[in-house]
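K.L.:
Full structure from sequences and hints, please.
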Amino acid sequence: MGKPFENTAIDFETFDGYPAPLFGGLRLRMHPDAVSDLHTLGFDIMSRSNNHTTDWGIEGLIETSRVLDDVGIVHAGAGKTMGEARRVVFSRPQKDE
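Start counting the sequence shown at 0; every next residue gets the next number (numbering that gives the first Met the number 0).
Some hints here could point you the wrong way.
Label pairs and their in silico Cβ distance ranges [to be verified]:
id, residue 1, residue 2, range
1, Ser90, Ala33, 17 to 25 Å
2, Leu40, Thr80, 13 to 21 Å
3, Ser64, Asp36, 13 to 21 Å
4, Asp36, Met81, 26 to 34 Å
5, Thr39, Thr80, 26 to 34 Å
6, Ile61, Ser35, 30 to 38 Å
Honestly, the hints are just simulated from the structure, not real lab data.
Note that the structure is a prediction, hence the values are computed from the model and not measured.
Backbone N, C-alpha and C define an ideal beta-carbon position, used for all residues, glycine too.
P.N.:
Next up, the structure:
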């Protein structure tokens, strides 16, 4: 049975794993192991441009990129440089096997 959608999109926050957040207040995080589950569910592209992107510093931002790349989820809106953050990305629907 095919998935009930053609493409999915999600707004993803930074990962846990660093000793302390850089700023006070609400800080969002998700465990890196959850990324493969999201990919299995059909999430194939993520927007990372939001006010919590650097809650866990540049290390969290870089780790988020690495984990998303490892799983094969396309992402945009954040990066080590403005060029990376502004990069245009596309996702093509997967055909059911």
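K.L.:
Hint by hint, note whether the structure agrees.
P.N.:
Status of each hint after checking the structure:
1. Ser90 to Ala33: 17 to 25 Å: 19 Å, holds
2. Leu40 to Thr80: 13 to 21 Å: 31 Å, violated
3. Ser64 to Asp36: 13 to 21 Å: Holds - the Cβ-Cβ distance for Ser64 and Asp36, about 18 Å, lies within 13 to 21 Å.
4. Asp36 to Met81: 26 to 34 Å: Given about 31 Å between the Cβ atoms, the range holds.
5. Thr39 to Thr80: 26 to 34 Å: Cβ of Thr39 to Cβ of Thr80: about 31 Å, so the range 26 to 34 Å holds.
6. Ile61 to Ser35: 30 to 38 Å: 19 Å, violated
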